[in-house]
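Protein chains in written order, with my numbering: chain A, 4 to 157; chain B, 20 to 377.
Simulated from the structure, these hints should not be mistaken for laboratory data. Please note that the accuracy of each hint is not assured.
Some chain A residues judged to face chain B by a derived CB distance under 10 angstroms, without partners named [unchecked claim]:
{"id": "1", "residue": "His45"}
{"id": "2", "residue": "Asp60"}
{"id": "3", "residue": "Ser88"}
Across the chosen pairs, the derived CB separations fall in these ranges [as the list claims (entries may be wrong)]:
{"id": "4", "chain 1": "A", "residue 1": "Lys107", "chain 2": "B", "residue 2": "Gly239", "range": "34 to 40 angstroms"}
{"id": "5", "chain 1": "A", "residue 1": "Glu46", "chain 2": "B", "residue 2": "Gly239", "range": "24 to 30 angstroms"}
{"id": "6", "chain 1": "B", "residue 1": "Pro71", "chain 2": "A", "residue 2": "Lys107", "range": "14 to 20 angstroms"}
C-beta atoms are modelled at their ideal positions from N, C-alpha and C, and glycine is treated no differently.
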Amino acid sequence: MKSLRFCLLACAPVALIATAPAGPIQLTSSVMVEKIAMVNGHEQTVLKAPKPVFPGDHLLFQTDYKNTGATAADHFVVTNPVPASVAYAGESTAGAEMSVDGGKNYGQLSALRVKTPDGQSRPARPEDVTNLRWTLATIAPGTSGSLKYRGMVK
Amino acid sequence: MTRASHRLGAVSLLVLAGLAATPAYAAGTASGTSITNTVTVNYSVASAAQTPVTASTTFAVDRKINLTVAEIGSTTTSVVTGQLAAATAFTVTNLSNAPLDFNLSAVNGAATHGGTDNFDVSNFKYYLDTDASGTFNAGDTQVTFLDELAADVSKTVFVVADVPSGRVANDVAGVFLTATGREGGSAGGTVGAALTNNSGTANTLMGVETVFADTASANGDGATNAAFTAGDDYTVMVALSAVKTSTVISDPFNNTTNPKMIPGATVEYCIALTNNTAVGSGFDATGLTLSDVLPVATTLVSGSIKKDGAVNGSGVCSGGTAVTDAVGYTSGTRTVSSAMADVLGGAKAALIFRVTIN
Numbered sequence: 004m005k006s007l008r009f010c011l012l013a014c015a016p017v018a019l020i021a022t023a024p025a026g027p028i029q030l031t032s033s034v035m036v037e038k039i040a041m042v043n044g045h046e047q048t049v050l051k052a053p054k055p056v057f058p059g060d061h062l063l064f065q066t067d068y069k070n071t072g073a074t075a076a077d078h079f080v081v082t083n084p085v086p087a088s089v090a091y092a093g094e095s096t097a098g099a100e101m102s103v104d105g106g107k108n109y110g111q112l113s114a115l116r117v118k119t120p121d122g123q124s125r126p127a128r129p130e131d132v133t134n135l136r137w138t139l140a141t142i143a144p145g146t147s148g149s150l151k152y153r154g155m156v157k
Numbered sequence: 020m021t022r023a024s025h026r027l028g029a030v031s032l033l034v035l036a037g038l039a040a041t042p043a044y045a046a047g048t049a050s051g052t053s054i055t056n057t058v059t060v061n062y063s064v065a066s067a068a069q070t071p072v073t074a075s076t077t078f079a080v081d082r083k084i085n086l087t088v089a090e091i092g093s094t095t096t097s098v099v100t101g102q103l104a105a106a107t108a109f110t111v112t113n114l115s116n117a118p119l120d121f122n123l124s125a126v127n128g129a130a131t132h133g134g135t136d137n138f139d140v141s142n143f144k145y146y147l148d149t150d151a152s153g154t155f156n157a158g159d160t161q162v163t164f165l166d167e168l169a170a171d172v173s174k175t176v177f178v179v180a181d182v183p184s185g186r187v188a189n190d191v192a193g194v195f196l197t198a199t200g201r202e203g204g205s206a207g208g209t210v211g212a213a214l215t216n217n218s219g220t221a222n223t224l225m226g227v228e229t230v231f232a233d234t235a236s237a238n239g240d241g242a243t244n245a246a247f248t249a250g251d252d253y254t255v256m257v258a259l260s261a262v263k264t265s266t267v268i269s270d271p272f273n274n275t276t277n278p279k280m281i282p283g284a285t286v287e288y289c290i291a292l293t294n295n296t297a298v299g300s301g302f303d304a305t306g307l308t309l310s311d312v313l314p315v316a317t318t319l320v321s322g323s324i325k326k327d328g329a330v331n332g333s334g335v336c337s338g339g340t341a342v343t344d345a346v347g348y349t350s351g352t353r354t355v356s357s358a359m360a361d362v363l364g365g366a367k368a369a370l371i372f373r374v375t376i377n
């Protein structure tokens with residue numbers, strides 16, 4: 004069964020746009036929190052603006068990009084460290100590569116391994132992911148897109 | 020709850036498996052911790068690398084208030100009438116993601132372990148298990164509240180109260196301990212200020228909001244009030260109990276082999292006393308005198324009275340100090356009687372005598 008997602012009243016993505024205003028690439032970062040709400044008499048999972056946010060909450064991190072320039076942007080590499088208090092929980096936008104070693108090496112999660120405390124190694128799990136990376140070959144002028152992933156507050 | 024997503028790539032299977040196996044975190048990330056998601060874009064235009072662009076979002080983890088209180092063990096606390104400073108033990112656990120003080124409040128109430136509450140204890144005091152012995156003793160410190168209980172920490176609290184005199188065996192006094200979360204942040208002094216539940220009010224990204232998430236518990240405690248209650252009770256025990264047994268020692272025909280209770284048989288009677296309070300309880304039975312009237316149609320075996328005998332785990336009596344007939348027997352009333360030495364907590368003692376069947 005699909006879970007419907009509604010944006011409730013005050014849920015404009017919360018964003019802080021950092022500097023680099025002169026370039027053609029517009030970047031917006033936002034986060035939303037999954038909450039259970041009563042919609043039409045039964046429980047639904049909805050996305051809301053953060054706060055309050057507690058340990059165990061499921062977050063959706065989203066980055067929106069737009070090429071506002073006149074020329075194409077090539078070799079567009081988006082790197083996104085997973086915040087320290089967040090456990091990566093999957094559902095990243097297609098094309099993501101993951102790192103479990105702080106961004107030194109990237110690959111598909113199924114191919115990555117981590118060391119166990121006793122010196123052995125085991126397949127990496129989602130919660131081991133430390134960084135995400137998307138590489139887009141070209142962004143034509145005027146086009147935009149979204150890159151997302153889910154995480155859980157530790 | 021299933022999450023359907025329309026844009027999963029090759030990693031989907033493993034990712035969903037990860038979603039199902041959510042790790043079991045306890046209180047979790049401390050309130051006030053910043054979570055910052057930063058994205059950096061490196062790109063080129065016509066093969067020339069451009070200045071990277073970044074964007075980020077920051078917010079602070081809020082404070083979720085949750086706690087439990089539970090009695091230690093699952094049985095009543097046995098007490099004697101008039102006992103002072105009788106202790107019941109509880110744990111208080113801070114499940115919030117922040118350190119808190121906890122107010123402590125004990126009240127009389129319904130019985131917790133069956134029985135019907137029919138008296139009240141008084142003079143409630145609270146002690147920490149300072150020497151970690153698991154038992155309330157002189158090594159423990161009295162407190163008025165729990166100070167700076169860290170996230171995910173559980174503390175043992177003894178609730179100590181006085182049992183009134185005049186109570187009889189099987190009287191029950193139920194007690195309930197309520198712990199209420201209060202502001203933490205500075206050790207010692209008095210208990211912190213009351214917490215305020217902010218749920219539903221406007222939130223700021225970097226502010227730390229407090230939301231109550233505790234569940235309803237015992238004695239009418241409701242959910243989301245930053246408090247939790249658990250119950251226990253005191254039951255008055257029979258401090259000193261006596262059991263009388265008899266054993267046929269011999270008869271004129273079978274002697275000591277399978278003797279029968281027939282005229283001429285010798286029968287030994289034992290009155291076994293048990294002090295039911297705990298070993299080392301200090302509740303010694305003192306000033307004891309035991310008396311028993313000989314059964315009809317029997318005659319005391321002269322010189323058979325023994326006091327302060329031993330009683331084994333199966334209730335068999337033996338030994339004891341001889342008491343002369345002159346001291347221990349009143350023929351007019353056919354009564355065997357003797358003073359007994361003090362019987363200490365957990366101890367037993369016996370009064371033994373023999374008769375012949377007329």
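Chain B contact restraint for A/Asp60 - C-beta distance below 10 angstroms:
With a closest approach of 9 angstroms, the A/Asp60 hint holds.
Outcome of range test on Cβ distance (B/Pro71, A/Lys107; 14 to 20 angstroms)
Holds - the Cβ-Cβ distance for B/Pro71 and A/Lys107, about 19 angstroms, lies within 14 to 20 angstroms.
Given hint A/Ser88 near chain B, where the shortest CB pair must fall under 10 angstroms
This interface hint holds because 4 angstroms falls under the 10 angstroms limit.
Confirm or reject the claim that A/Glu46 and B/Gly239 have a C-beta distance inside 24 to 30 angstroms.
At roughly 28 angstroms between Cβ atoms, B/Gly239 and A/Glu46 fall inside 24 to 30 angstroms, so the hint holds.
Does the Cβ-Cβ separation between A/Lys107 and B/Gly239 fall within 34 to 40 angstroms?
Since A/Lys107 and B/Gly239 have Cβ atoms about 58 angstroms apart, the given range 34 to 40 angstroms is violated.
Against chain B, with CB atoms and a cut of 10 angstroms, does the hint on A/His45 hold up?
Not OK, violated: A/His45 not within 10 angstroms of chain B, min 12 angstroms.
Against the hints set out earlier in the document, violations occur for numbers 1 and 4.
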